[in-house]
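**Student:** Taken in sequence, the protein lines are chains A and B.
Our numbering applies: residue 1 is where the first sequence begins, and numbers increase by one.
Our numbering applies: residue 1 is where the second sequence begins, and numbers increase by one.
Hints in this document: simulated from the structure, not taken from any laboratory.
Among these hints, one or two may not hold up.
The calculated lysine-lysine pairs, modelled on DSS-like cross-linking and capped at a C-alpha distance of 25 Å, are [said to hold, decoys possible]:
{"hint": "1", "chain 1": "B", "residue 1": "LYS2", "chain 2": "A", "residue 2": "LYS14"}
{"hint": "2", "chain 1": "B", "residue 1": "LYS62", "chain 2": "B", "residue 2": "LYS182"}
{"hint": "3", "chain 1": "A", "residue 1": "LYS38", "chain 2": "B", "residue 2": "LYS38"}
{"hint": "4", "chain 1": "A", "residue 1": "LYS2", "chain 2": "B", "residue 2": "LYS14"}
{"hint": "5", "chain 1": "A", "residue 1": "LYS2", "chain 2": "B", "residue 2": "LYS182"}
{"hint": "6", "chain 1": "A", "residue 1": "LYS50", "chain 2": "A", "residue 2": "LYS182"}
{"hint": "7", "chain 1": "A", "residue 1": "LYS2", "chain 2": "B", "residue 2": "LYS38"}
{"hint": "8", "chain 1": "B", "residue 1": "LYS38", "chain 2": "B", "residue 2": "LYS2"}
{"hint": "9", "chain 1": "B", "residue 1": "LYS164", "chain 2": "A", "residue 2": "LYS38"}
There are 2 protein chains.
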Amino acid sequence: MKYCSLCGNSVEFKVPQDDNRSRFICQSCGEIHYQNPKNVVGTIPIFEQKILLCRRGIEPRKGMWTLPAGFLELDETTAQGAHRETIEEAGAEIEIGPLFSILNVAHIGQVHWFYLAKMTSPHFSPFTSESLEVAMFDEETIPWDDIAFLTVKTTLQWFFADRKAGKIIFSDAMPTHQIDLKPLIRMNE
Amino acid sequence: MKYCSLCGNSVEFKVPQDDNRSRFICQSCGEIHYQNPKNVVGTIPIFEQKILLCRRGIEPRKGMWTLPAGFLELDETTAQGAHRETIEEAGAEIEIGPLFSILNVAHIGQVHWFYLAKMTSPHFSPFTSESLEVAMFDEETIPWDDIAFLTVKTTLQWFFADRKAGKIIFSDAMPTHQIDLKPLIRMNE
Ligand SMILES: [Zn+2]
Ligand SMILES: [Zn+2]
Numbered sequence: 001m002k003y004c005s006l007c008g009n010s011v012e013f014k015v016p017q018d019d020n021r022s023r024f025i026c027q028s029c030g031e032i033h034y035q036n037p038k039n040v041v042g043t044i045p046i047f048e049q050k051i052l053l054c055r056r057g058i059e060p061r062k063g064m065w066t067l068p069a070g071f072l073e074l075d076e077t078t079a080q081g082a083h084r085e086t087i088e089e090a091g092a093e094i095e096i097g098p099l100f101s102i103l104n105v106a107h108i109g110q111v112h113w114f115y116l117a118k119m120t121s122p123h124f125s126p127f128t129s130e131s132l133e134v135a136m137f138d139e140e141t142i143p144w145d146d147i148a149f150l151t152v153k154t155t156l157q158w159f160f161a162d163r164k165a166g167k168i169i170f171s172d173a174m175p176t177h178q179i180d181l182k183p184l185i186r187m188n189e
Numbered sequence: 001m002k003y004c005s006l007c008g009n010s011v012e013f014k015v016p017q018d019d020n021r022s023r024f025i026c027q028s029c030g031e032i033h034y035q036n037p038k039n040v041v042g043t044i045p046i047f048e049q050k051i052l053l054c055r056r057g058i059e060p061r062k063g064m065w066t067l068p069a070g071f072l073e074l075d076e077t078t079a080q081g082a083h084r085e086t087i088e089e090a091g092a093e094i095e096i097g098p099l100f101s102i103l104n105v106a107h108i109g110q111v112h113w114f115y116l117a118k119m120t121s122p123h124f125s126p127f128t129s130e131s132l133e134v135a136m137f138d139e140e141t142i143p144w145d146d147i148a149f150l151t152v153k154t155t156l157q158w159f160f161a162d163r164k165a166g167k168i169i170f171s172d173a174m175p176t177h178q179i180d181l182k183p184l185i186r187m188n189e
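In isolation and in its complexed conformation, chain A is listed as follows:
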């Protein structure tokens, strides 16, 4: 951020009065431009014993597999956003179920949410503008080495462990899995 979105003059990055962290502050109109984490909302679409994954058609992680998910928009709830993304990225018809997982990814300023979802029909759109491919998987056929995001992989691992334990219930009495993810330390960095 270099310019004030209200008046177009330049901003400085400094600590405002009565605050304790640096913000972008307009040198002309004085506006403080706060920046906050974003919510990424998605679903685990389930039909019989299989779950739906999308192969990403856009960066980042183009070509890798993911659950349908995207940024929460203004004027929608987290469940509505998760529903919308499932239609946009997979063309699947679903009924939203309970909130299954919340994953804080603080180092990139994101919170990821996944809801359980019942597919009301086995049909989906194999090609959408955002997905190269859409397909149904069971635990054994999931491309575990080609999952796009750690939040998705973690959520899928929780899901299959819970299913084995008989803990997947479509009820608000289901506790929500939660984790705070740290940056991955890569061996070759």
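Position chain B with the ligands relative to chain A; hints supplied.
**Tutor:** Chain B with the ligands in isolation, oriented as in the chain A frame:
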């Protein structure tokens, strides 16, 4: 938003290519400026049979009572943000417990989160820069008619109902209360 925060030229509000909702788009550099809901994170600080409330020292709802809460910042998790706000607004020492409630307030682009928290000492700061007053209440003494926000009132109602039912447990097995709040229809509007 009138000006591009990257280049300072003017923005238009229109639907980008391959999108389906209007965004602020820079007419010069082409940047699309997305706007997304914000997370407000807080706690229910508990000491013995009482809970802590703060009387707001700033607008909106200055002078009314609330749980300590505020906007989630970059580089912190939701639990860390809730902890920080409890220190800033109440000067209370706490241990964060399970996530107790998530309230979507889509019409104002916010999601409110409240964690259970154990006060590790009965002490707090009655005066802070953001609170006019801080005090401990039980269910009967809570100023129910002077609670600043519906998300706080709803969370407090859930809390006391759960406590009567013996359902307040400091464990991740506790389900998270969830609700989508609609705009209030006021009788005299
Ligand atoms: Zn300005
Ligand atoms: Zn620009």
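**Student:** Hint by hint, note whether the structure agrees.
**Tutor:** We went through each hint and held it up to the structure:
no. : hint                 : result
1   : LYS2(B) / LYS14(A)   : 23 Å, holds
2   : LYS62(B) / LYS182(B) : 22 Å, holds
3   : LYS38(A) / LYS38(B)  : 7 Å, holds
4   : LYS2(A) / LYS14(B)   : 23 Å, holds
5   : LYS2(A) / LYS182(B)  : 36 Å, violated
6   : LYS50(A) / LYS182(A) : 30 Å, violated
7   : LYS2(A) / LYS38(B)   : 22 Å, holds
8   : LYS38(B) / LYS2(B)   : 21 Å, holds
9   : LYS164(B) / LYS38(A) : 36 Å, violated
Checked against the numbered hints above, the structure violates hints 5, 6, 9; every other hint is satisfied.
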